[in-house]
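**Student:** Here's the letter readout for the chains.
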Amino acid sequence: MNNIWLLAQITCKEGLRNRALLGILFFAVLLCVINLIFTNMFAYDLGKVAVEVGLSVVSISGLAIIFFMGINLMAKDLDKRTIYMILSRPISRWQYIVGKFFGLGLLVFISVIILGLFSAGSVKFIILTVPNYIPPDFSWAPFLIALIYIFISLLIVTSIALLYISVTSSSFLAMIITAGSYFIGQNVEIVRKMYCQAEKDTGNEVSKQLVEIISWIFPNLAIFDLKTTAAYGLPLNASELIWPVLYGISYIGMILIIAIVIFQRRELT
Amino acid sequence: MPIRIANLSKYYRKGLKAKKRAIEDLNLEIKKGEVFGFLGPNGAGKSTVIKILLDFIRPDSGSITIKELPVNEPKVRKYIGYLPENPFFYDHLTAEETLKFGGKTAGMEKGVLEERIDQLLTCLNLFHVKKQPIRTYSKGMVQRLGLALALIHEPEICILDEPMSGLDPLGRRLVADLILDMRKMGKTVFFSSHILSDIESLCDRIGILNEGKLLFCGPLEDFVEESTGLEAAFIKIIETDRKVKNE
Chain U
1 MNNIWLLAQI TCKEGLRNRA LLGILFFAVL LCVINLIFTN MFAYDLGKVA VEVGLSVVSI
61 SGLAIIFFMG INLMAKDLDK RTIYMILSRP ISRWQYIVGK FFGLGLLVFI SVIILGLFSA
121 GSVKFIILTV PNYIPPDFSW APFLIALIYI FISLLIVTSI ALLYISVTSS SFLAMIITAG
181 SYFIGQNVEI VRKMYCQAEK DTGNEVSKQL VEIISWIFPN LAIFDLKTTA AYGLPLNASE
241 LIWPVLYGIS YIGMILIIAI VIFQRRELT
Chain H
270 MPIRIANLSK YYRKGLKAKK RAIEDLNLEI KKGEVFGFLG PNGAGKSTVI KILLDFIRPD
330 SGSITIKELP VNEPKVRKYI GYLPENPFFY DHLTAEETLK FGGKTAGMEK GVLEERIDQL
390 LTCLNLFHVK KQPIRTYSKG MVQRLGLALA LIHEPEICIL DEPMSGLDPL GRRLVADLIL
450 DMRKMGKTVF FSSHILSDIE SLCDRIGILN EGKLLFCGPL EDFVEESTGL EAAFIKIIET
510 DRKVKNE
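Taken in sequence, the protein lines are chains U and H.
Here my numbering is used: position 108 in the first sequence is 108, and no number is missing along the way.
Here my numbering is used: position 236 in the second sequence is 505, and no number is missing along the way.
Keep in mind the hints are simulated off the structure, nothing from the lab.
Where hints are given, some of them may not hold.
[What the hints assert, rightly or not] BS3-like mimics (lysine-lysine), calculated; alpha carbons at most 25 Å apart, straight line:
(1) U:LYS13 <-> H:LYS400
(2) H:LYS408 <-> U:LYS13
(3) H:LYS373 <-> U:LYS80
(4) H:LYS400 <-> U:LYS80
(5) U:LYS76 <-> H:LYS408
(6) U:LYS13 <-> U:LYS76
(7) U:LYS13 <-> H:LYS399
(8) U:LYS80 <-> H:LYS336
[Claimed, not checked] With the C-beta cut set under 10 Å, the calculated list includes, among others, these residues of chain H facing chain U:
(9) LEU297
(10) PRO356
(11) GLU431
(12) LYS482
The structure displayed is predicted, hence computed values, not measured ones.
For each residue, glycine too, the CB sits at the ideal point set by N, CA and C.
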């Protein structure tokens with residue numbers, strides 16, 4: 001456990017000191033300011049727009065951090081052979097993968113907290129300036145839960161990125177495939193529902209099976225999208241909330257196990 | 270026995286079916302407290318052997334043990350200090366943070382570790398930059414930091430891949446002195462080098478590898494003919510081997 005923590009620490013430190021992170025965070029803060037201007041263009045539902053845009057900024061910036069920094073940090077290890085510095089210590093390969101995951105997870109966590117604070121700040125500003133346009137049931141609890149869900153979905157994307165990097169050391173290829181997986185994960189549920197409906201009319205069993213398989217392989221990231229719930233302050237059921245969390249943790253666990261199995265066999269030439 | 274290599278073979282894939290031989294049936298034993306020099310032309314397979322010793326790559330056949338333990342056991346690496354040919358570090362970390370990571374993974378106590386870091390950095394002339402990010406270091410400084418990381422936990426066995434590469438004469442002298450100190454302390458040093466004068470001045474025994482085959486293994490004086498010196502003897506053995514293969 002000690003080795004995993006040490007690895008997570010240096011991974012996170014390396015990421016935090018990277019100027020790219022500062023750039024992404026600066027861009028995100030700028031988006032929060034733009035959120036204020038953008039929201040004021042709407043005649044009604046200002047609170048809803050502010051919350052949705054604010055949470056989207058957190059989500060998009062988190063993805064940018066994973067794509068442009070997380071993947072790079074891991075690919076650099078293999079590309080520049082910094083991995084020799086790590087694996088020449090008494091550290092096993094599974095500890096390396098888990099340590100890297102926790103390090104990147106910590107980086108994403110810190111970023112989500114910073115971005116979440118700015119996003120909440122922009123929403124608070126709208127609440128104070130135009131209180132009449134805020135949905136009556138709006139509260140901060142769903143907003144916080146929506147942020148936690150965004151964090152879990154970002155962790156899933158991080159684990160997928162780690163898996164692809166374990167297969168290919170090319171950061172560009174890993175980024176493209178991870179982005180593809182994210183896109184599929186966001187839309188797979190809608191496509192599955194559409195096919196289920198279409199299948200009733202056409203009876204195309206093969207297509208339905210194919211979509212069903214894809215929906216099992218790729219993560220269903222749509223269930224982590226609570227933007228509308230947070231924007232309207234819709235009631236949340238504790239038992240309904242726990243299932244996506246368990247699903248996310250299980251999915252991450254499985255992806256990491258696959259990444260470890262592949263990485264154990266990999267030759268670090 | 271600190272390092273024992275028996276019947277080791279390794280082939281690299283070349284295309285879909287073809288395989289290229291990297292190491293063939295290598296047998297080698299490195300004794301405790303000796304400085305062993307591993308010599309060979311480019312592509313001879315020296316780095317491959319070192320990477321197998323560190324479990325970065327896996328052999329196709331044969332066995333390789335360090336202190337009688339298989340090299341795929343992570344705890345074996347507590348006994349090893351390794352310097353890669355071109356060491357790379359996390360650019361935004363400092364030398365102090367990098368060495369702390371190295372020491373802690375080997376289970377060193379905080380107080381002992383801090384003392385050791387200062388001692389090593391002073392010895393390697395890096396103390397003044399210990400809190401600077403590694404991205405500001407020159408190539409020679411990075412190489413010396415690599416050596417510091419290899420030695421931080423006072424390993425019993427040092428595996429150094431081209432330790433003199435990228436160093437100026439002063440840096441080379443520093444590294445040579447460190448290797449001699451390690452010998453005095455009874456530690457085992459296994460290193461590869463192209464610089465024959467370093468091999469001549471530091472090694473007790475040498476191994477000469479060409480195209481994956483060990484051509485010679487023994488004390489330096491058995492290999493070097495008095496009149497010709499190491500360089501001439503080295504060229505002669507490699508050329509003879511190539512001629513035999515071409516016939």
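**Student:** A separate judgement is required for each hint: does it hold in the structure or not?
**Tutor:** Outcome of the hint check:
{"no.": "1", "hint": "U:LYS13 <-> H:LYS400", "in the structure": "holds, 14 Å"}
{"no.": "2", "hint": "H:LYS408 <-> U:LYS13", "in the structure": "holds, 23 Å"}
{"no.": "3", "hint": "H:LYS373 <-> U:LYS80", "in the structure": "holds, 23 Å"}
{"no.": "4", "hint": "H:LYS400 <-> U:LYS80", "in the structure": "holds, 23 Å"}
{"no.": "5", "hint": "U:LYS76 <-> H:LYS408", "in the structure": "holds, 18 Å"}
{"no.": "6", "hint": "U:LYS13 <-> U:LYS76", "in the structure": "holds, 15 Å"}
{"no.": "7", "hint": "U:LYS13 <-> H:LYS399", "in the structure": "holds, 16 Å"}
{"no.": "8", "hint": "U:LYS80 <-> H:LYS336", "in the structure": "violated, 30 Å"}
{"no.": "9", "hint": "LEU297", "in the structure": "violated, 20 Å"}
{"no.": "10", "hint": "PRO356", "in the structure": "holds, 7 Å"}
{"no.": "11", "hint": "GLU431", "in the structure": "violated, 13 Å"}
{"no.": "12", "hint": "LYS482", "in the structure": "violated, 20 Å"}
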